Amino acid sequence: MRKRNVKPSQKTNQNDSVQYEKAARAKETQILAYSIPAAIVLTGILVFYITNYGSTVFILEKSNLPNASLPNAYDPNAWGSYRPHVYFGLKTRKPASPLVGLVWYRQALGSVDRFRHGCRQEDNIRYMWQDSDGETFGHQRVIDNELTFDTNWLGFKHSFASEIKLHPISQKIPNAKYTFVFYFYLENESDTLYPEVGSDGQVKSYIGNIDGIGKYRIRFESNNPVTSEASFKVPPTFNLVSITDVVQGITDVNDEGTFFINQAKLGQNLENSDSRQLLFVQFTVAENDVVRMHFEGNEEQLEGKFGDVFNKKLENFRKTFDEKYELKQTNYPANYEMMGRAALSNMLGSIGYWHGYSEVDSGDSVKPYGPLSLLSGVPSRPFFPRGFLWDEGFHNLLIKNFNPSLTLNILSSWLDSMTSTGWIPREMILDPEARSKVPAEFITQHPDVANPPMFFYVIESLMRSTDFMTQYSRRLVQFYPRLKQFYLWLKETQKGPKKGTFRWRGRNGTTDLELNPKTLPSGLDDFPRASHPTNDEYHLDLLCWMALSSRVLRQIAEYASDTAFMPEIEEDMELFNSIENLDKHHWSESKQRYFDYGFHSENVALKEIRFQDKNGQIHVIKKRDVKSPPKLQLVENVYGYLNLFPFLLRLLHPTSDKLGIILKDLKKEELWTPYGLRSTSSNSPYYMRYNTQHDGPYWRGPIWINMNYLALASLKHYSASGPHSEVARNLYSELRQNVITNIATQYQATGHFWEHYNDKTGKGAGSHPFTGWTALVLNIMAEKYD
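Heads up: the sequence shown begins at 1 in the UniProt record's numbering, then just goes up one per residue.
Bear in mind the hints are in silico, worked out from the structure with no lab data behind them.
What you are looking at is a predicted structure, and each value in this text was computed from that prediction instead of being measured.
Note that CB positions come from ideal geometry on N, CA and C, so glycine has one too.
Possibly wrong hints are sitting among the right ones.
As the list claims (entries may be wrong) - If you anchor each label on the Cβ, the simulated ranges turn out as follows:
# : residue 1 : residue 2 : range
1 : S362      : G304      : 50 to 56 Å
2 : N175      : F238      : 32 to 38 Å
3 : T444      : H653      : 26 to 32 Å
To be verified - PhoX-like cross-link-like pairs, simulated, lysine-lysine; straight-line CA separation at most 25 Å:
# : residue 1 : residue 2
4 : K328      : K631
5 : K157      : K319
6 : K328      : K312
Turn these sequences into a full structure, and let the hints guide you.
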């Protein structure tokens, strides 16, 4: 994972701030905020821009290669929980889909607590999908202070039924009332929505027509009467980012002090025959109440009562889970099994669908690239509710074991976003709701910046399954043209200064405001590299990624009968997987480890500088102080995840002496903790060091589960044979136990999976709930690596 280019709209605790402040050019923004003379900053930005992005004009055209997606792979009019950024929301997988969502708040003493709608960490709400298959149903538990309720939903054909089910109120608050507002929004101007009025003159349901679905009816049921409702037209520029403002704007209070939606505040005098685009239906509820919303397309209805149908679906899902993961056959406590099911369900229930344009720097201007449609998991619903390229590879190591067809649909969705040159955006921000979660300065993508090709790791894992290849090998052949183009783009644009080397593009070689300039494209963000980025450096992890990619692409090329490409890919595979090439460029005989190479100083520090502005105010900034001159060398004073890549991606033969050295080093306290492998050695001068005045350590100590997963998968692999198998087996057993136990301990204590974990205490840190690769704990528990 990279330090994603996001910062919070509202500052909370230190960890929250750290989550967002690390970004490719965040330093300039921060400096401006601290009143450093703008000319200096803008000059630095201009030099960096010209150095990294300004020399080339990029062609932003979608690839005309055959699509990786099947034309009928899914029903675009089937509903799903494809709005991960809200606490509860449904949509279909088509552009301009109808949108369904939920807003709730507490009424007390004539006032309204903050409206709940979009997931926010600062709300201090516990919310987790306890059960979800990502496509047809979900069961989520929400704990908002004293209020606990479930959001349940079922999808069938082109219809759905959803339920809000309240639990007993844990702590009674005098005069408190709880209000839930369902909303339904039609984005497509050709879709219609009308009230259906009964003989008594009251609205009994809503009806209309939706493109692709046809006629539909919306109805509600509750053991409490509807408090209020409103429906109205909205301008073409409207989007749901402002939905809570709309709810607040039309909320009024009656003589009893109860807040309700007041249609009159809209100022629209609509006839029943007038179509409208936005509907609100409000319920004021008490403990143990149940409220349901039914959307019935083409007169489709549930075959039975909601509770009966839902419970049957739940039973079948849990049965399938038990059959696939067999956790009941282990010695895990019951709460571990529930945690494993929640890990899978949160991954699946947080899958999103987006359609729109990506803002891309073409070299001479920022241009919209698309239209693109994306189906993808997300790392975190409150912080990162959108697609990230290398994260999605890890996500699908979990998803593929439960639903390989869904994994293929997700991977093909990403591949179909490729440009004609083979570039895939590393971060997908496609629609207004997605953009609302990202500061404007971080939305633009750069088409020479890569991301680890984790998809090749996933595909190699899939190809090891005989059952998968029997059923889906043709899909891989369909993927092949785009995988090949992606590989060739990486090979050409990220090549290093010497044959058989590679260099991540996008580092800032002009700044003196970072202790060690970040390498965001690598996914390891602030993990230390050569202190002074130049074109002469080359990176160990990227060579290993290219070695993996070449060997996987070689296999698929054979399935695809691409005989013309075979000589080139075989030559690549031989060179990139060559231990002689790896050792020549990256092995240190003196340190007995693999390292990056570049223009590097082993003695740098951040130094405080005080200056006085024109108003006489004193400011303090930190700039890098280089205490010894850099020189071209291996980066030998840094050790951590990066240095393990020949082991993590299995370039080393089981009999390799260097494998034995790496395994021996793993158990040293530099990386080994009771909670998992830490990201940077505790002996490194960069360990837990801030990268700028405000950038706290990210990959400089904390424990990341995706990398521990790769380590465990490789330890399992090397346990099978060779002179180091017993050492690998013992390391595997102990590391696995440490990782599982700590994640379970933190989950039990907090109700969350976390972005990363403290290497000294094991406590969860960073974004939460984290719906991304921390969920791989389920694979680790079930020992499903390949």
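Checked hints:
1. S362 x G304: 50 to 56 Å: Holds, at about 55 Å.
2. N175 x F238: 32 to 38 Å: holds, 35 Å
3. T444 x H653: 26 to 32 Å: violated, 43 Å
4. K328 x K631: violated, 57 Å
5. K157 x K319: Distance ~23 Å between K157 and K319 Cα, so the pair holds.
6. K328 x K312: Holds: K328 and K312 sit about 20 Å apart, inside 25 Å.
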